[in-house]
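Start from the sequences, fold in the hints, and give me the full structure.
Going line by line, the protein sequences match chains A and B. Using the numbering used here, the first residue of the first sequence is number 11, and each one after it goes up by one. Using the numbering used here, the first residue of the second sequence is number -18, and each one after it goes up by one.
Some hints could be false.
Result set (DSS-like, lysine-lysine): computed pairs, CA atoms no more than 27 Å apart in a straight line [unchecked claim]: (1) A:K22 to B:K44; (2) B:K137 to A:K68; (3) B:K270 to A:K68; (4) A:K22 to B:K230; (5) B:K190 to A:K68.
Because the hints were derived from the structure by calculation, they are not lab data.
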Amino acid sequence: MSERLSVRKTYKLYIGGAFPRSESGRSYVVNDAKGRFLANASQASRKDVRDAVVAARKAFGGWSSRTPYNRGQILYRVAEMLEGRRTQFVDELRAGGAAKTAASAEVDAAIDRWVWYAGWADKIGAVAGNANPVAGPFFNLSTPEPSGVVGIVAPDSALLGLVSVVAPAIVTGNTAVVVASEPAPLPAITLAEVLATSDLPGGVVNLLTGRRAELAPWLASHMDVNAIDLAGVSEEAVTDLEKAAADNLKRVLRPGIGDWSAEPGTDRMTAFLETKTVWHPVGV
Amino acid sequence: MPTGAELRAFLHGLPGVDQVGADERAARLGARSIKTTAKARAIDLAISMVDLTTLEGADTAGKVRALCAKAVRPDPAQPDAPKVGAVCVYPDLVEVAVDALQGSGIGVASVATAFPAGRAPLEAKLADTRAAVAAGASEIDMVIDRGAFLAGDYLKVHEEIVETRRACGDAHLKVILETGELRTYDNVRRASWLAMRAGADFIKTSTGKISPAATLPVTMIMLEAVRDFRDATGRTVGVKPAGGIRTTKDAIKYLVMVNEVAGPDWLTPDLFRLGASSLLNDLLMQRRKLATGVYSGPDHFTLD
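Below, the structure written as structure tokens:
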């Protein structure tokens, strides 16, 4: 019997529920921790950003109007699929230089993080919303609403960091355009494959791989993006991106301290929520 | 007035359309890359060619007035954006549109002749047309009787167009072929020649009410027809694709095709129009992207 040829994976982008190559036709080499060739990843261009924003905008209406319970169920389903891909994620993290136990622990933590956020879907409204006491015959209710399309520049932490920025953005009903970790984009594409096979509507999460410095400014200046998470942006680049984001008053989340294993809290969810307050007459 | 036999002999004597070749050529012309300054010019030209259209059962006078305001000044943030070619409405709303567009130089086009089906007695169709013209419409978009055309009764179609042409008076007549119902490219070519012979000032692809509406190959065949018609008779007829043109990319493909097939003479709002409603916003978004360097979004433009 002849020796079997290996079937190698083509890493592509994830836009609107499909896996297209970059419009520009470019790719870049991803190496493992020892500098050996690992794969070619697509190098997205500004036009891929544009297409991804269109896809995210299209998906927003449907995703945001689902019941929080339903969104939670879909996110749990994503966690189930993540569990099924465990070995693939561990292999990819090990190729990135993590030791076997550390890689395994990170995958565990990422899945747990996803489940943790999934649970928040139907609870965040109770925590971030309120029945306000007012001096008049009214019910006065504040409820959190999703901002819209969120641009996310994901941090270097290839899986736990990525999950920790994507899950809180979408669980509340936003849709996301994510620029994956530049040095370690492969787990992001594998995550996209998980999302594509787990009832998450196409376009809710769009994943781009490529140069942050090239893509982030287009995301920050885009007039149809409502918020931007700068988690993976270097200190010196933050100011310019914030300036660009100010043009249409985007909500901006600056990079934090970067310890992704710490208890996350609700900040990443509330950062991309807006508050709607309704006055309703009593006794009419 | 020709006889039915003459018309039939003429229309069936037209050379047949090579369907595969037509699709191929249209696809190839659609692949041209138009960038930077050429793109900016193409966008402005396309805006000036738009027949801004609202043809809904739910149209109100208010909606038509809003549409007219947009026609005069498409993008208030960019006063240098050109105004559109015309506003296209149902006959009963022509008066509102004429009133709103007074002094702007933008004409009002009205669909007539029992649009979109065209299934009404000739008298009703002509009354429809006369009412629209009396209300001030400067362009009339009529539909042909597709049933009669497909049954081979070319004379009836011809006579209806001639009668409508007479009812139009000074108003321009656009003849809608509704190519989506004509089935074959040969029929599109025949209907184009039939309409032009009967006195159409414009031939228009579709009502926009059925799918497929305007497509590139069909528009190409119509552009070939107006080119050949001018060579044969000296009279210049315009073309208007309508329906399904939503993006700037699509619009630019049509402009390239006009230039390549009919010739640069047709690259004017007097001889080429784009029947559309959502296209205008996409053109404006692209225009703003070119002007400001950042991508724009639909939130920043009016809905209608």
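Status of the hints after comparison with the structure:
Of the supplied pair hints, the one linking K22 of chain A and K44 of chain B is violated, its CA atoms being roughly 45 Å apart against a limit of 27 Å. Note on K137 of chain B and K68 of chain A: the hinted pairing is violated, with a Cα-Cα distance of about 47 Å set against a maximum of 27 Å. Under the criterion of a C-alpha separation no larger than 27 Å, the hint pairing K270 of chain B with K68 of chain A is consistent with the structure, at around 20 Å. Straight-line distance between C-alpha atoms of K22 of chain A and K230 of chain B comes to about 25 Å, which keeps the hinted pair within the 27 Å bound.
A distance of roughly 24 Å separates the Cα atoms of K190 of chain B and K68 of chain A; the hinted pair therefore holds under the 27 Å criterion.
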